[in-house]
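A.B. asks: Single-letter residue listing:
Number of protein chains: 2
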Amino acid sequence: MSVNYPGGVKPIGRPIKKTHVKLDSAANRGMGFEHDINLTNEYYLEKGLALVYKRPTPINVVKVDYSHGAKITQAYFECQSTTDYNGVYKGHYVDFEAKSTRSKTSFPLNNIAPQQVEHLLNVKKHGGIAFFLINCYAINETYLLDSDYVCAFYQEKPRKSIPLEEIKKNGHLVKEGYRPRYDYLPLIEEFLLK
Amino acid sequence: MSVNYPGGVKPIGRPIKKTHVKLDSAANRGMGFEHDINLTNEYYLEKGLALVYKRPTPINVVKVDYSHGAKITQAYFECQSTTDYNGVYKGHYVDFEAKSTRSKTSFPLNNIAPQQVEHLLNVKKHGGIAFFLINCYAINETYLLDSDYVCAFYQEKPRKSIPLEEIKKNGHLVKEGYRPRYDYLPLIEEFLLK
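Protein sequence lines correspond, in order, to chains A and B. The first sequence: position 109 = 519 (my numbering), numbered continuously. The second sequence: position 107 = 517 (my numbering), numbered continuously.
No wet-lab data here; the hints were simulated from the structure. Be a bit skeptical, because a hint or two may be false.
Any copy, or any two copies together, can satisfy a pair, since identical chains are not distinguished.
Straight-line distance between alpha carbons at most 30 Å, and here's what the computed BS3-like set of lysine-lysine pairs gives [as the list claims (entries may be wrong)]:
| id | residue 1 | residue 2 |
| --- | --- | --- |
| 1 | Lys500 | Lys457 |
| 2 | Lys534 | Lys585 |
| 3 | Lys473 | Lys457 |
| 4 | Lys481 | Lys500 |
| 5 | Lys514 | Lys604 |
| 6 | Lys534 | Lys473 |
| 7 | Lys578 | Lys534 |
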């Protein structure tokens with residue numbers, strides 16, 4: 411099977427099986443959201459507004475064939491121990507995770523790895539700006555949520571998800587458009603910079 | 411050929427050929443410096459002083475075999491379009507490149523890619539802290555150099571390297587020890603924070 415990842419966009423979760431239409435469309439939607447965030451960051455870079463990059467997917471390289479240049483012949487995807495995006499806005503360190511959910515009622519917290527929560531708590535501890543961008547596909551809205559809010563939910567064991575109503579109440583609606591696709595910078599400026 | 415990269419440390423430059431002893435030791439030394447910087451960052455994290463990570467090596471995945479989990483069977487190393495390290499120190503965005511040279515007289519600028527210079531100029535433009543850590547193996551000293559200084563040298567076409575004397579004069583000597591191995595944070599505090 412041949413897979414290309416344009417713009418470094420990786421598939422989320424399990425491999426796409428063409429027979430499972432629902433799983434397929436979910437994976438594509440996740441990729442679509444990441445792709446749009448990448449375009450947003452390119453726009454910010456072009457306009458000189460911020461410098462935000464997607465971190466490369468960590469890959470554990472096991473075998474390399476050097477007979478014709480360096481060709482990796484055996485390697486495995488590793489879990490991202492941090493988040494997908496980080497960068498600089500007006501000198502401030504910015505770090506965030508972008509997630510998409512198709513649920514109509516809540517954002518499932520099993521989308522987030524424990525080491526990501528730990529990482530975001532560390533970012534906050536060191537004075538950085540940390541948040542989640544949560545794309546609620548069912549209602550066609552995207553919210554910026556402070557990482558502290560999401561991490562608190564995560565650390566309360568009984569909760570397995572954040573209800574959409576809570577996201578609406580405690581998050582900040584991201585303005586969508588053509589360019590930038592998801593304009594999250596004004597929300598950092600208004601709500602996260604102290 | 412089987413290759414393991416402990417701690418995500420990648421070999422620098424060409425593949426290591428066991429018959430070329432000098433190249434072999436040069437590559438090992440480069441890896442050793444990166445490894446020591448990684449240990450330094452782990453120390454800073456443990457002590458709650460800063461949060462700095464090595465970016466994963468970007469890899470272009472061409473083929474994945476999903477018959478037993480996801481095994482990458484064809485992939486290629488890509489050039490790092492940014493730098494090796496970034497993170498947060500007291501809320502400030504920090505970005506740097508760590509390089510080792512065995513030259514006794516100068517630091518060759520062909521070690522630095524044009525897109526890395528562009529990236530570091532962008533970091534500065536957005537108010538971030540950007541620098542180089544240059545390990546001068548021949549004299550057993552490591553210097554922190556402001557990225558603006560190195561980028562200026564890079565952009566003056568006739569210069570192919572920075573003389574060691576210039577590095578000593580314009581850089582800041584990094585204190586070496588057991589833990590942290592290369593204590594670069596006090597130099598950020600003293601010389602790069604405005």
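A.B. asks: Go through the copies and call it for Lys578 and Lys534: within, between, both or neither, with a Cα cutoff of 30 Å.
C.D. replies: within (23 Å within a copy, 36 Å between copies)
A.B. asks: Evaluate Lys534 and Lys585 at a C-alpha cut-off of 30 Å and name the case that applies: within, between, both or neither.
C.D. replies: Both ways: Lys534 and Lys585 sit 25 Å apart in one copy and 28 Å across, limit 30 Å.
A.B. asks: Taking 30 Å as the upper bound on the Cα-Cα distance, should Lys500 and Lys457 be classified as within, between, both, or neither?
C.D. replies: Both ways: Lys500 and Lys457 sit 14 Å apart in one copy and 27 Å across, limit 30 Å.
A.B. asks: My question is about Lys473 and Lys457: at a cut-off of 30 Å on alpha-carbon distance, are they close within one copy, between copies, both, or neither?
C.D. replies: Result: close neither inside a copy nor across copies, 41 Å intra and 36 Å inter.
A.B. asks: Go through the copies and call it for Lys481 and Lys500: within, between, both or neither, with a Cα cutoff of 30 Å.
C.D. replies: neither (40 Å within a copy, 41 Å between copies)
A.B. asks: With identical chains treated as interchangeable, where does the CA-CA distance between Lys534 and Lys473 reach 30 Å or less: within a copy, between copies, both, or neither?
C.D. replies: Neither. Shortest intra-copy (38 Å) and inter-copy (38 Å) distances fail the 30 Å Cα cut-off.
A.B. asks: Could you place Lys514 and Lys604 in one of the four classes (within, between, both, neither) given a Cα distance threshold of 30 Å?
C.D. replies: neither (33 Å within a copy, 48 Å between copies)
Hints 3, 4, 5, 6, counting from the list given before, are not met by this structure.
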